[in-house]
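Residue numbers (our numbering): 449 to 664.
The reader is advised that the hints may include incorrect statements.
Here are the computed distance ranges between Cβ atoms for each label pair [claimed, not checked]: (1) Thr498 with Arg540: 30 to 38 Å; (2) His543 with Thr465: 33 to 41 Å; (3) Trp495 with Trp475: 29 to 37 Å; (4) Phe493 with Ala541: 16 to 24 Å; (5) Val501 with Arg566: 13 to 21 Å.
Hints were generated in silico from the structure; no laboratory data involved.
We put the CB at the ideal spot given by N, CA and C, even for glycine.
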Amino acid sequence: MPIERIPILIFLMNLVTFTLVMRWFIWPRLVRRGRAEALIPLVAFHWIRTLGVLAALPGMTGEFHDHEWAVHIAIGDAVTVALAWFAVGALRARHRAAVAMVWLFNIVGLLDIANAGRNALAESIPLHSVGAQVIVVAFGPPALIVTHIAIFVLLLRREPADRADAKGGIDHPLPPASSWARCCYREFNHPARTRAMQARWARGNTGTRSSGRFPT
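Assemble the whole structure, with the sequences as input and the hints as a guide.
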(Lines of atoms letter the chains of each structure in order from A and count residues from 1; the text may use other names and numbers.)
(Lines give C-alpha, C1' and ligand atoms only; values in the text may rest on other atoms or scores of the structure.)
Protein backbone atom coordinates (compact mmCIF):
# COMPACT_ATOMS: atom_id res chain seq x y z
CA MET A 1 0.00 0.00 0.00
CA PRO A 2 1.36 3.47 -0.88
CA ILE A 3 2.31 5.40 2.22
CA GLU A 4 0.06 8.29 1.16
CA ARG A 5 -3.01 6.07 1.58
CA ILE A 6 -2.26 5.11 5.18
CA PRO A 7 -4.19 8.13 6.62
CA ILE A 8 -7.24 7.04 4.61
CA LEU A 9 -7.01 3.54 6.08
CA ILE A 10 -6.64 4.98 9.59
CA PHE A 11 -9.65 7.23 8.96
CA LEU A 12 -11.82 4.23 8.02
CA MET A 13 -10.57 2.17 10.97
CA ASN A 14 -11.31 5.01 13.37
CA LEU A 15 -14.79 5.42 11.88
CA VAL A 16 -15.52 1.78 12.72
CA THR A 17 -13.92 2.13 16.16
CA PHE A 18 -15.91 5.21 17.18
CA THR A 19 -19.12 3.65 15.85
CA LEU A 20 -18.61 0.60 18.07
CA VAL A 21 -17.70 2.74 21.08
CA MET A 22 -20.87 4.78 20.63
CA ARG A 23 -23.07 1.74 20.06
CA TRP A 24 -21.73 -0.45 22.86
CA PHE A 25 -20.69 1.93 25.64
CA ILE A 26 -22.18 5.42 25.19
CA TRP A 27 -25.58 4.99 23.51
CA PRO A 28 -27.07 2.60 26.15
CA ARG A 29 -26.48 5.28 28.79
CA LEU A 30 -27.74 8.16 26.66
CA VAL A 31 -31.11 6.56 25.87
CA ARG A 32 -31.89 6.30 29.59
CA ARG A 33 -31.69 10.08 29.92
CA GLY A 34 -34.00 12.81 28.79
CA ARG A 35 -33.32 14.33 25.40
CA ALA A 36 -31.76 17.56 26.66
CA GLU A 37 -29.55 15.74 29.16
CA ALA A 38 -28.36 13.32 26.45
CA LEU A 39 -27.71 16.02 23.87
CA ILE A 40 -25.52 18.21 26.07
CA PRO A 41 -22.38 15.99 26.15
CA LEU A 42 -22.68 15.08 22.46
CA VAL A 43 -22.90 18.73 21.38
CA ALA A 44 -20.20 19.83 23.84
CA PHE A 45 -17.85 17.22 22.38
CA HIS A 46 -17.68 19.36 19.23
CA TRP A 47 -15.88 22.09 21.12
CA ILE A 48 -12.70 20.18 20.23
CA ARG A 49 -13.18 21.44 16.66
CA THR A 50 -11.04 24.42 17.64
CA LEU A 51 -8.27 22.07 16.48
CA GLY A 52 -9.54 22.57 12.94
CA VAL A 53 -8.86 26.30 13.16
CA LEU A 54 -5.15 25.42 13.37
CA ALA A 55 -5.32 24.30 9.74
CA ALA A 56 -4.81 27.92 8.68
CA LEU A 57 -1.48 28.18 10.53
CA PRO A 58 1.81 27.70 8.62
CA GLY A 59 3.36 24.32 9.32
CA MET A 60 0.13 22.57 10.30
CA THR A 61 -0.93 21.58 6.78
CA GLY A 62 2.43 21.61 5.04
CA GLU A 63 2.29 23.21 1.62
CA PHE A 64 -1.50 23.69 1.90
CA HIS A 65 -1.56 26.15 4.85
CA ASP A 66 -2.75 29.02 2.64
CA HIS A 67 -4.78 26.75 0.37
CA GLU A 68 -8.56 27.05 -0.03
CA TRP A 69 -9.00 23.61 1.58
CA ALA A 70 -7.26 24.65 4.80
CA VAL A 71 -9.06 28.02 4.96
CA HIS A 72 -12.45 26.33 4.57
CA ILE A 73 -11.63 23.91 7.39
CA ALA A 74 -10.61 26.73 9.72
CA ILE A 75 -13.67 28.88 9.02
CA GLY A 76 -16.14 25.99 9.09
CA ASP A 77 -14.86 24.62 12.39
CA ALA A 78 -14.81 28.06 14.00
CA VAL A 79 -18.46 28.65 13.06
CA THR A 80 -19.45 25.17 14.24
CA VAL A 81 -17.76 25.63 17.62
CA ALA A 82 -19.60 28.92 18.14
CA LEU A 83 -22.93 27.25 17.31
CA ALA A 84 -22.09 24.42 19.73
CA TRP A 85 -21.48 26.96 22.52
CA PHE A 86 -24.86 28.56 22.01
CA ALA A 87 -26.63 25.20 21.66
CA VAL A 88 -25.21 23.84 24.92
CA GLY A 89 -26.01 27.09 26.72
CA ALA A 90 -29.60 26.97 25.47
CA LEU A 91 -29.97 23.32 26.50
CA ARG A 92 -28.67 24.00 30.01
CA ALA A 93 -30.94 27.04 30.37
CA ARG A 94 -33.95 25.05 29.13
CA HIS A 95 -34.63 27.71 26.50
CA ARG A 96 -37.54 26.95 24.22
CA ALA A 97 -35.32 27.48 21.16
CA ALA A 98 -32.72 24.96 22.38
CA VAL A 99 -33.82 22.11 20.12
CA ALA A 100 -33.89 24.42 17.08
CA MET A 101 -30.36 25.60 17.90
CA VAL A 102 -29.15 21.99 18.13
CA TRP A 103 -30.70 21.28 14.73
CA LEU A 104 -28.91 24.31 13.27
CA PHE A 105 -25.58 23.33 14.84
CA ASN A 106 -25.85 19.72 13.70
CA ILE A 107 -26.76 20.54 10.10
CA VAL A 108 -24.02 23.18 9.76
CA GLY A 109 -21.44 20.93 11.43
CA LEU A 110 -22.18 17.93 9.22
CA LEU A 111 -22.22 20.07 6.07
CA ASP A 112 -18.84 21.49 7.09
CA ILE A 113 -17.37 17.97 7.29
CA ALA A 114 -18.95 17.04 3.94
CA ASN A 115 -17.61 20.22 2.33
CA ALA A 116 -14.10 19.60 3.68
CA GLY A 117 -14.18 16.02 2.41
CA ARG A 118 -15.43 17.10 -1.02
CA ASN A 119 -12.70 19.74 -1.36
CA ALA A 120 -10.04 17.29 -0.20
CA LEU A 121 -11.06 14.69 -2.78
CA ALA A 122 -11.44 17.27 -5.58
CA GLU A 123 -7.92 18.58 -4.96
CA SER A 124 -6.35 15.16 -4.21
CA ILE A 125 -5.35 16.28 -0.72
CA PRO A 126 -5.22 12.68 0.67
CA LEU A 127 -2.42 11.87 -1.78
CA HIS A 128 -0.19 14.70 -0.53
CA SER A 129 1.51 15.48 2.74
CA VAL A 130 -0.59 17.80 4.90
CA GLY A 131 1.82 18.06 7.80
CA ALA A 132 0.68 17.64 11.40
CA GLN A 133 -2.93 18.20 10.36
CA VAL A 134 -3.03 14.59 9.17
CA ILE A 135 -3.45 13.51 12.82
CA VAL A 136 -6.50 15.75 13.22
CA VAL A 137 -7.96 14.58 9.90
CA ALA A 138 -7.46 10.88 10.71
CA PHE A 139 -8.92 10.98 14.24
CA GLY A 140 -11.25 14.00 14.41
CA PRO A 141 -13.79 13.59 11.58
CA PRO A 142 -14.65 9.94 12.36
CA ALA A 143 -15.61 10.83 15.93
CA LEU A 144 -17.45 13.96 14.78
CA ILE A 145 -19.43 12.06 12.15
CA VAL A 146 -20.53 9.42 14.67
CA THR A 147 -21.66 12.03 17.21
CA HIS A 148 -23.48 14.03 14.51
CA ILE A 149 -25.47 10.92 13.57
CA ALA A 150 -26.22 10.19 17.24
CA ILE A 151 -27.49 13.75 17.70
CA PHE A 152 -29.80 13.39 14.71
CA VAL A 153 -31.20 10.15 16.15
CA LEU A 154 -31.85 11.82 19.52
CA LEU A 155 -33.52 14.80 17.86
CA LEU A 156 -35.84 12.51 15.89
CA ARG A 157 -36.78 10.37 18.89
CA ARG A 158 -40.27 10.89 20.29
CA GLU A 159 -40.13 12.09 23.87
CA PRO A 160 -42.55 10.57 26.42
CA ALA A 161 -45.39 12.96 27.21
CA ASP A 162 -44.59 13.05 30.92
CA ARG A 163 -40.96 14.07 30.28
CA ALA A 164 -41.36 16.85 27.74
CA ASP A 165 -42.23 20.39 28.63
CA ALA A 166 -45.56 21.37 27.09
CA LYS A 167 -44.26 24.71 25.82
CA GLY A 168 -40.78 24.11 24.52
CA GLY A 169 -40.43 20.34 24.19
CA ILE A 170 -37.53 20.38 26.68
CA ASP A 171 -37.17 17.78 29.40
CA HIS A 172 -37.54 18.38 33.09
CA PRO A 173 -34.47 19.82 34.90
CA LEU A 174 -31.44 17.57 35.06
CA PRO A 175 -31.50 15.07 37.95
CA PRO A 176 -28.73 15.19 40.57
CA ALA A 177 -25.43 13.55 39.76
CA SER A 178 -25.28 10.82 42.41
CA SER A 179 -27.07 7.52 41.79
CA TRP A 180 -28.94 7.74 45.13
CA ALA A 181 -30.13 11.28 44.41
CA ARG A 182 -31.06 10.37 40.84
CA CYS A 183 -33.16 7.46 42.12
CA CYS A 184 -34.98 9.78 44.50
CA TYR A 185 -35.48 12.28 41.69
CA ARG A 186 -37.15 9.67 39.47
CA GLU A 187 -39.26 8.43 42.37
CA PHE A 188 -40.65 11.80 43.36
CA ASN A 189 -40.70 13.54 39.97
CA HIS A 190 -42.96 10.98 38.27
CA PRO A 191 -46.43 12.56 37.81
CA ALA A 192 -48.37 9.38 38.65
CA ARG A 193 -46.41 8.81 41.85
CA THR A 194 -46.80 12.47 42.78
CA ARG A 195 -50.60 12.26 42.49
CA ALA A 196 -50.68 9.02 44.50
CA MET A 197 -48.56 10.56 47.26
CA GLN A 198 -50.80 13.62 47.39
CA ALA A 199 -53.86 11.39 47.75
CA ARG A 200 -52.20 9.38 50.54
CA TRP A 201 -51.26 12.50 52.43
CA ALA A 202 -54.77 13.88 52.02
CA ARG A 203 -56.25 10.69 53.50
CA GLY A 204 -53.63 10.67 56.25
CA ASN A 205 -54.28 14.26 57.22
CA THR A 206 -58.01 13.55 57.39
CA GLY A 207 -57.36 10.61 59.71
CA THR A 208 -55.08 12.76 61.87
CA ARG A 209 -57.70 15.43 62.40
CA SER A 210 -60.34 12.85 63.37
CA SER A 211 -58.24 10.53 65.59
CA GLY A 212 -55.35 12.71 66.66
CA ARG A 213 -52.80 10.09 65.44
CA PHE A 214 -49.85 10.81 63.17
CA PRO A 215 -50.50 9.37 59.67
CA THR A 216 -48.60 6.18 58.77
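Structure-based check of all given hints:
no.: 1; hint: Thr498 with Arg540: 30 to 38 Å; result: 20 Å, violated
no.: 2; hint: His543 with Thr465: 33 to 41 Å; result: 35 Å, holds
no.: 3; hint: Trp495 with Trp475: 29 to 37 Å; result: 21 Å, violated
no.: 4; hint: Phe493 with Ala541: 16 to 24 Å; result: 19 Å, holds
no.: 5; hint: Val501 with Arg566: 13 to 21 Å; result: 20 Å, holds
Hint violations for this structure: numbers 1, 3, all remaining hints satisfied.
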